[in-house]
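Line order of the protein sequences matches chains H and Z. No gaps in the numbering here: position 8 of the first sequence is 8 in the numbering used here, and each next residue is one more. No gaps in the numbering here: position 257 of the second sequence is 257 in the numbering used here, and each next residue is one more.
Among these hints, one or two may not hold up.
For chains that are exact copies, the list does not tell them apart, and a pair is met inside one copy or across any two.
[As the list claims (entries may be wrong)] With a cut-off of at most 25 angstroms between alpha-carbon atoms, the simulated DMTMM-like pairs for lysine to aspartate or glutamate come out as follows: (1) K265 to E19; (2) K406 to E331; (3) K57 to D43; (4) K12 to E278; (5) K3 to D147; (6) K57 to E67; (7) K3 to E239; (8) K315 to D61; (9) K10 to E278; (10) K3 to D203; (11) K57 to E46; (12) K351 to E331; (13) K368 to E331; (14) K12 to E121; (15) K12 to E151; (16) K10 to E226; (17) K3 to E121; (18) K12 to E275.
Keep in mind the hints are simulated off the structure, nothing from the lab. What you are looking at is a predicted structure, and each value in this text was computed from that prediction instead of being measured.
Protein chains: 2
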Amino acid sequence: MVKVNGNYLKLKAGYLFPEIGRRVKAFSAANPEAALIRLGIGDVTEPLPLACREAMKTAIDAMGTAEGFHGYGPEQGYAWLREAIAQQDFQSRGCEINADEIFVSDGSKCDSSNILDILGEGNRVAVTDPVYPVYVDSNVMAGRTGDAGAEGRYAGLTYLPISADNNFAAEIPSEPVDLIYLCFPNNPTGAVATRAQLKAWVDYARSHNALILFDAAYEAFIQDPELPHSIFEIEGARECAIEFRSFSKNAGFTGTRCAFTVVPKGLKGTAANGELVELWGLWNRRQSTKFNGVSYIIQRGAEAVYSTAGQAEVKTLVSFYMENASIIRQELTSLGLQIYGGEHAPYVWIKTPNGMDSWGFFDHLLNKANVVGTPGSGFGAAGEGYFRLSAFNSRKNVNEAMARIKSL
Amino acid sequence: MVKVNGNYLKLKAGYLFPEIGRRVKAFSAANPEAALIRLGIGDVTEPLPLACREAMKTAIDAMGTAEGFHGYGPEQGYAWLREAIAQQDFQSRGCEINADEIFVSDGSKCDSSNILDILGEGNRVAVTDPVYPVYVDSNVMAGRTGDAGAEGRYAGLTYLPISADNNFAAEIPSEPVDLIYLCFPNNPTGAVATRAQLKAWVDYARSHNALILFDAAYEAFIQDPELPHSIFEIEGARECAIEFRSFSKNAGFTGTRCAFTVVPKGLKGTAANGELVELWGLWNRRQSTKFNGVSYIIQRGAEAVYSTAGQAEVKTLVSFYMENASIIRQELTSLGLQIYGGEHAPYVWIKTPNGMDSWGFFDHLLNKANVVGTPGSGFGAAGEGYFRLSAFNSRKNVNEAMARIKSL
Chain H
1 MVKVNGNYLK LKAGYLFPEI GRRVKAFSAA NPEAALIRLG IGDVTEPLPL ACREAMKTAI
61 DAMGTAEGFH GYGPEQGYAW LREAIAQQDF QSRGCEINAD EIFVSDGSKC DSSNILDILG
121 EGNRVAVTDP VYPVYVDSNV MAGRTGDAGA EGRYAGLTYL PISADNNFAA EIPSEPVDLI
181 YLCFPNNPTG AVATRAQLKA WVDYARSHNA LILFDAAYEA FIQDPELPHS IFEIEGAREC
241 AIEFRSFSKN AGFTGTRCAF TVVPKGLKGT AANGELVELW GLWNRRQSTK FNGVSYIIQR
301 GAEAVYSTAG QAEVKTLVSF YMENASIIRQ ELTSLGLQIY GGEHAPYVWI KTPNGMDSWG
361 FFDHLLNKAN VVGTPGSGFG AAGEGYFRLS AFNSRKNVNE AMARIKSL
Chain Z
1 MVKVNGNYLK LKAGYLFPEI GRRVKAFSAA NPEAALIRLG IGDVTEPLPL ACREAMKTAI
61 DAMGTAEGFH GYGPEQGYAW LREAIAQQDF QSRGCEINAD EIFVSDGSKC DSSNILDILG
121 EGNRVAVTDP VYPVYVDSNV MAGRTGDAGA EGRYAGLTYL PISADNNFAA EIPSEPVDLI
181 YLCFPNNPTG AVATRAQLKA WVDYARSHNA LILFDAAYEA FIQDPELPHS IFEIEGAREC
241 AIEFRSFSKN AGFTGTRCAF TVVPKGLKGT AANGELVELW GLWNRRQSTK FNGVSYIIQR
301 GAEAVYSTAG QAEVKTLVSF YMENASIIRQ ELTSLGLQIY GGEHAPYVWI KTPNGMDSWG
361 FFDHLLNKAN VVGTPGSGFG AAGEGYFRLS AFNSRKNVNE AMARIKSL
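Modelling step: build the complete structure from the supplied sequences, incorporating the hints.
In structure tokens:
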């Protein structure tokens, strides 16, 4: 009889966002007149940049001609997009990253979970707590953990708590780990890492031959020019890090779908027989065999992000959402709430008031203010007592949400 | 130190198509004046249907407005696309497949390899020989095989030879297997399965509690109305089969990227503890966690395939490529070559002449006729002595390729 992957049965409850969806759906069914404002899932709301739309329409016109038709493209992405990325996102910031180290994909969620395909069993994996749930769940599904305990923590993972107590900066682990997930600007806490903090991680990884999986999906929201946007701004990172980037949040591509992963050549891991193996070759093989590249049309849209017009539009979008974040910070602070993040990230991380737990605060805001946020405990046990609001919405909705919360 | 997935090291040489790419590149570098005609990789060449282009442009315009903007969509695909697929591809042919059993994706290559995520270790896997290399390579990469032997066959896999000797119909395996990859119309041989042949597979799978992974990417090319397009046209298939479909070949989406997988509810496998587990729930969880859905723009393009105008355009495209196949069949037959396939499939499968081996015939056609095909041995040991030509090209190129081959 066909055998299934029983590791899936270890997964606790639903993935966070479907669970929120279920609660919201039940509320809406019971209260069909309620005008919900969604500041929960980190999904953008503003129109796609004109530069991207025009580029995609031009690509579609080309696809209507024999000469301009594009069939299968390179699984790694078109050279013109990889070159624009390498030049503008990395080389212009002093990072030695070449175009052939860029792998274009349809999403960072896919890449950050598929990366486990090329990694072996027996790696000791560290994640922060709270953390983006995909890092944990994809490890569970791949059989890289044991069962979940009472708090929802999986045996075999090393959890690095982040909270107001340590200023949302995870301590370098005391036990040796092989694989470290880092996300800066951080989802969900909105915290950001200094150059010195990243250097400490790179130094740790190099001394332990560990691999850092660095999620920089929110780098565009960094306001302070001194803060690093990429792990590759840190010396030595090429020897110990892979970076995930996305067009979802800077250019509003959550529904358009394009992202990329940076795998430096020369970065190595060990096979069970002790052989040193380059990760670039493994990922290239993984993508060539199990992926067929991103739509030509969409890649042309992503390329336009790097045009002068596209860059100006991205800047406007980022400023707009960061103004939302600023409004949320100010309004909630004026209510006496303790607020974190939202200065270099589109997420505001709130200490729930009066000892309310995270889901309690979720239900409270949903029922009383018809505002949907994300319970901190959904991101991990140490997120209990916190709550995430996203700055991704229209100004009108953000203002209205704040007015409703203030009137509670 | 970080450990890599050493199973990748078992992979023999390059994936077939990159290897062809390397040889063609070397030839072109040495012969820059040669005008190559590519009948190798199964990539379409004709313009994208107008109905799809118009639908995508309308979607892009919507993405430029606050009201029509689409962010994250359902990971499984939009309901309007899933409903059109379920109705027109399945229910209209008498298959009991519902919209929520359709999972929209960015490619069948992705789905047919990612499906292993939800299947366990210890499954006995059967593939035909020759076979689409992704089925084999994805099993190797997932550690579901041993090492490759001298003929390139991996230990632990059950190979079912298909050749002129058995009329390209694999025999039902004599040993029990748990997982069976079937592809009809077949890539690479162009063979097609009758209803009776598929029924024999379904009966076998049901009696052994095995799972059939049925790849129907080429179903649109079936010309005989008596032949089944879907495994779900066979009674009992809902209890033992998953089907992969694609817009790549019927609507020319190889560079546009959209496909779907059908996972019937009620289809089950066993966990290591003996528990029966529904595959639908596992695949739904896999896609929700590791995938973020297909671009809204692209899904609107795929939906237009089901419009009256889109269906007419697809019919024209399929007829065009099948006329190419017919020309290839006639011309090569007139040269005395033994030809198979190409009647219900866009692939013509040629017995190499004069005892030439597959790569020898590849190099011969490349060097002497500047025509690129695909060596049969690249699809498996039993493909040795065969060669695949694809009907995907312009009429002018097909005629020119035939003229060149005739002049050899």
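Identical-chain pair category, K3 with E121, by Cα at 25 angstroms: both (20 angstroms within a copy, 7 angstroms between copies)
Homo-oligomer pair classification [D147, K3; C-alpha up to 25 angstroms]: both (19 angstroms within a copy, 22 angstroms between copies)
Homomeric proximity label, K12 with E275: Cα distance no greater than 25 angstroms: between (36 angstroms within a copy, 17 angstroms between copies)
Within, between, both or neither: K3, E239 at alpha-carbon 25 angstroms: between (39 angstroms within a copy, 15 angstroms between copies)
Alpha-carbon proximity context of K57 and D43, limit 25 angstroms: both (24 angstroms within a copy, 23 angstroms between copies)
Within, between, both or neither, where K10 and E278 count as close if Cα-Cα is 25 angstroms or less: The answer is between: 15 angstroms across copies meets 25 angstroms, while 32 angstroms in one copy does not.
Same-copy or cross-copy closeness of K3 to D203 [CA-CA at most 25 angstroms]: Cα proximity of K3 and D203: across copies only (19 angstroms, versus 43 angstroms in one copy).
Within, between, both or neither, where K265 and E19 count as close if Cα-Cα is 25 angstroms or less: between (40 angstroms within a copy, 21 angstroms between copies)
Homo-oligomer pair classification [E331, K368; C-alpha up to 25 angstroms]: within (17 angstroms within a copy, 76 angstroms between copies)
Status of E121 relative to K12 across identical chains (alpha carbons, at most 25 angstroms): For K12 and E121, both the intra-copy (22 angstroms) and inter-copy (22 angstroms) Cα distances are at most 25 angstroms.
Intra- versus inter-subunit Cα pairing at 25 angstroms for K12 with E151: within (10 angstroms within a copy, 45 angstroms between copies)
Identical-chain pair category, K12 with E278, by Cα at 25 angstroms: For K12 and E278, only the inter-copy Cα distance (17 angstroms) is at most 25 angstroms; the intra-copy one is 34 angstroms.
Checked against the numbered hints above, the structure breaks only hint 16 and satisfies the rest.
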